[in-house]
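Take the two lone chains, each set in its own frame, and fit them into one complex as the hints suggest.
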Amino acid sequence: MPNAGLRVSHLTKRFGSGDTEVVAVRDVSLEVAPGEVVLIMGPSGSGKSTLLLMLGGLLKPTEGTITLDGLELSSLSENRLPDIRLHSFGFIFQDFNLLSALNVQDNVAIAAELAGAGRKAAVAKAAALLTELGLGRRLHFSPEKLSGGEKQRVAIARALVNNPALILADEPTANLDSSHGHETMRLLRDIASERGRSVVIVSHDARIKDIADRVLWLEDGQFKRVVEMATDPVCRMSVERELAVTGVRDGETYYFCANGCRDEFLGAKAVPV
Amino acid sequence: MLRLAIKNLVQNKARLIVSVGGLGLALTLILVFGAVFDGAKSRLTVYIDKAGADVWVAQDGVETMHMSNSFLPATVTDEVKSVPGVQEAVPILYATDIIQANGKETLSYVFGVPDNAPLGKAFAIVEGASMPGPGEVIIDHSIAASSGLKVGDEVTVLGQMMKIVGLTSDTSSLASSVAIVRFDDFTKARGGDNGTISFVLVKVSAGESAAAVASRISEGVSGVTVQTREQFAAQERKLVMDMSGDIINIMNIAGFLTGFAVLALTVYVATIARRKEYGVLKAIGTRNRLLYLVVLVQALLSVALGLVAGVALTLLLSEVVPRFNESMVLTLSSASLLRVAIVSVVIAGLSALLPARQLAGLEPVAIIRRG
Ligand SMILES: Nc1ncnc2c1ncn2[C@@H]1O[C@H](COP(=O)(O)OP(=O)(O)O)[C@@H](O)[C@H]1O
Ligand SMILES: [Mg+2]
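Chains as they are written, first to last, in my numbering: chain W, 1 to 273; chain F, 1 to 371.
Chain F with its partners taken away, still in its complex shape (with noise of 0.2 Å):
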């Protein structure tokens, strides 16, 4: 009987590059669109992943550096360098910020951090300095490029018009850059210092764990949220997830709307066009569980290869989409295939039930009786 479900399936091949190809395309939608999400968030959390922070001190009920504002009186800095086990305490300011040059507006992260700090300045460095001095300032270098700016060009930033004097990889997303300037720079900025500070930067000492100077940290310093590198990387993602959560849904949604609607009329087509022979089967003892097993094989076959089709195009764009758009990174996560994977299963199972009732109610001596 599985030889019958390939065969059968097989038999019709344009019928089986339609609904491959369909499903295909509906899965890559769901993967790609996945890809795409999980390579922003990734990149979301560059600069928290990659300034060389082991703890990141925060204003008291700040746990996001997005959608939040953390504001701490400057002398918390030197509170948190006298707990033990902190090797480095380094203060910077934060604020979103659009970055004007040539016309063209980008949403960016603009850092402040103090000159030779030994933690949060510039990291992977394509171009240039990788320390700003004043009146100048590091960006990624996609987005330089895509608005036509080199090292030496100008820029707005917070306001005021900076000379770029580095450029940055992998710092861009879909949805923003990271940019840094001096600290005192970010204070003159925002006019005059005001005697706050946004985040203090932590190293822990060698031997010393960072969760365990992270709580100590918020035991001794008053005021104060205190988060390992990875807890607040963390709740930075599950912001955004909560943030774009619908737009997720209603692309999976339609991903599995389209995918769904292509197989089950294709599976119900098939089935239609041989009605006749599954009448047949019936008629000569072949029970009915074995003739929805005939359907149900040939869609989830079908349901396979346009998953193998939808993975192979979402690598294929992973591969081709960064080296036209560098801010794009596509990220095939083992979680998102589940996923995925799971909703082939359900869509070749609902595909295969329509069909399935009408092999039920197929009169095996309609074969004979035919007028």
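The shape of chain W in the complex, shown without the other chains (with noise of 0.2 Å):
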């Protein structure tokens, strides 16, 4: 599938011009295959939101291409933006953004309604991932008498409800005390590996590190450092790929957190490398 994915190519994104232009984001370049979680790393002001919002359709980048499952972005016009945003996106935010006046299951029920989904079906693809994320109970539940990190499991399911092709979440963790953060890194690892969906999270909070498949490293613009991430087979713990001890076995190669774990896992049969 060689069109499968997220492909991104030399994006730039200028604001302003002459003396007060700015460079957002230089030349960035970036793969995301189905199934995978990149994270994308950097200080403030790097161009993280400005790469997430041109990856969303939301902003035209100055140059490049964006090409999701074979569909190039850059070139649709305007006013097909919005379809496209139904179907092939779904967006976490921060701060969760779900609609107040409406009850647990219509916040995500109104995505499919809006997708083109009739009432009926709508409620009830809704209840039916909203129970899989554990809020069965809580379907007509408002808003405002969730936990954080149920908030955040609705604003994923709104995310998934119309089996987007890319899930971008920007800072998804940022508002959630530490066992809700996991939980919500968790579920969107999950998302990518069982649903086979492409997930691009812009966060600092590095614990999200453990999740993802690669970590970049965003500054002034452009990728500065591109961390592969793995996971222990042993600890499970998650090694970056340039810094851990690797082994081979069956010609696969494996990376660990020291010796210790790769002595186990290869046994006698051990090849360093």
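Just so you know, not all the hints are guaranteed correct.
Here's a subset of chain F near chain W, in silico, CB distances under 10 Å, partners left out [said to hold, decoys possible]:
#, residue
1, 105
2, 272
3, 276
4, 279
Residues from chain F that face chain W, not an exhaustive set, calculated with beta carbons under 8 Å [what the hints assert, rightly or not]:
#, residue
5, 3
6, 8
7, 280
8, 284
9, 287
These aren't lab readings, by the way, just hints derived from the structure by calculation. Glycine included, each C-beta is placed from N, C-alpha and C at the ideal position.
Next up, the structure:
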């Protein structure tokens, strides 16, 4: 599937011109495969939000192309973007942004209805999804009655309800305590793995590294360092590939936190690299 | 999306109450004023409607009773009587006068009616005689009550002291009332018989149409303007409409502006308060026109509730007010209901306009970018 997933090439965004010109994103290229979680980190003002907005079709790039499942977004007319956003993207925001007048179930169903589902089908889909995410007993609650973690799960359900190819999350854990933050991260991981979605997260929460397949460091609008992450098959710790101890078994490379884990994994057949 | 509009609307109860209450009052202002006016209008032509005449004969060129003077030679009565199809022809005298009693003055339409005339006499008698004798007058009972008068008391009519012998109902409006005296007393009060009368009231024979007889009279008798009862009453109403149209318009505009201000403000505030939520909806792919629709539906629902409140209040007032002041009748006509309904829809549309512009300019980007 050469066209599957997200492909970003030579993306640049300039604000203003002349003396006041700001290059927020500078010649960024990136590919995210279905099932992959990419974390974009970087200091404030490095261009993270700008990049995310462009990926979500909310901001037009100055240069470069964004292709999602073979469809080039940057070539689409302004008029088609709302539909693309409804069907192909799921947005998750830092402060949840649920509709306060609607109950939990309707907050999710409305996205399905907007995408063209009938009321009954939309409600059924919303209820099923929310139940899967552990909110089966909260369907008729008002959002304000929920904890932060529950709110974020509702937002995730809303992002998922139209089966989008790409989930874009902006600081999804920033407003959550550490246990709810963890729960949200695990959910995003599962969404990528089990549902085959591409997930792009913008955050400066280092804990998210644990669930990311790749961590990109954005600075001054450019990727400075690509951190490929891997999970130690023995202790399940998340490790940076570059810094990890590696070993090969049956022709495949594995990454370990330390020699101890590697030795345990490879046993007698150890072939150190 | 309809659900969202309704839920948004009812979520903030205080705002909903202010907006529906304010709108209701503004629309009530328009409705009540119209109802008072319509009520007064129906009372205005009460004598024309109930005097029993099918056809009214006036001086040539005189089409209304108020704001004009009709002088006919007394001989016209017999000429009219001889026209085929005329069963009865009764001459009456008419003047606008101030009735005085107990230091209180009331504008009145005074009619001089011949003794035992088959047409033009007092109707809806609630107390006393139906025919005044010499030096006697019949007036409206609510006017009498408000001046503290009863049968047997004296009032000044056409400059003469006269004794009240009968009281009628439904013959007063906010503007005036009906008083009936003897034809001869009227003539005397005017300074003697000068051989003129005001109108000739005509009853047509059985099987004749008023319109046909009216045109026969106007062909057969010279120097007269002849109208059927309905035509005469319609001219009368039109006259008052023309005279008070400005006041009506001012009240309508005041009500419209008040309602508009209340709704425009609440819809605007409600939209601004949900800026972020609308921004989220836009970010996930909601089109502008759908968001406008949500705001418009909220405005329309508020207006519908306000209209219901306004109509209910007006109906209540039209029940209650006449119990305190019988001269004040409130008639809620379907025409004025329709007018107010249209005004309401216009208010809703205009109120949704400014917030719609706000939504159009709303950047979904603002959701993610917060400093
Ligand atoms: N609409 C805009 N107009 C001008 N400059 C902008 C605009 N949006 C962002 N920038 C600039 O682009 C740079 C990157 O901003 P942003 O993408 O918000 O960074 P981050 O999300 O990493 O904090 C900053 O220097 C910022 O001031
Ligand atoms: Mg940012």
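Verification of the hints:
Taken as an interface hint, residue 105 of chain F does not check out: its beta carbon lies about 60 Å from the nearest beta carbon of chain W, beyond 10 Å. About 14 Å separates the beta-carbon of residue 272 of chain F from the nearest beta-carbon of chain W, more than 10 Å, and the hint is not met. Taking 10 Å as the C-beta cut-off, the interface hint given for residue 276 of chain F holds, the closest approach to chain W being about 7 Å. With a cut of 10 Å, the hint placing residue 279 of chain F at the interface with chain W holds, because the nearest CB-to-CB distance is about 8 Å.
Among the interface hints, the one on residue 3 of chain F holds; its C-beta lies about 7 Å from the nearest C-beta in chain W, closer than the 8 Å criterion. Evaluation of the residue 8 of chain F hint against chain W yields a held restraint, the C-beta minimum of about 5 Å falling below 8 Å. Below 8 Å, beta-carbon pairs count as interface contacts, and residue 280 of chain F has one with chain W at about 4 Å; its hint therefore holds. Interface hint status for residue 284 of chain F: upheld, as the beta-carbon distance to the closest one in chain W is roughly 6 Å, under 8 Å.
Given hint, residue 287 of chain F at the interface with chain W, holds; its Cβ is 5 Å from that chain's nearest Cβ, closer than 8 Å.
Violated hints, listed in ascending order, are 1, 2; each of the other numbered hints is respected by the structure.
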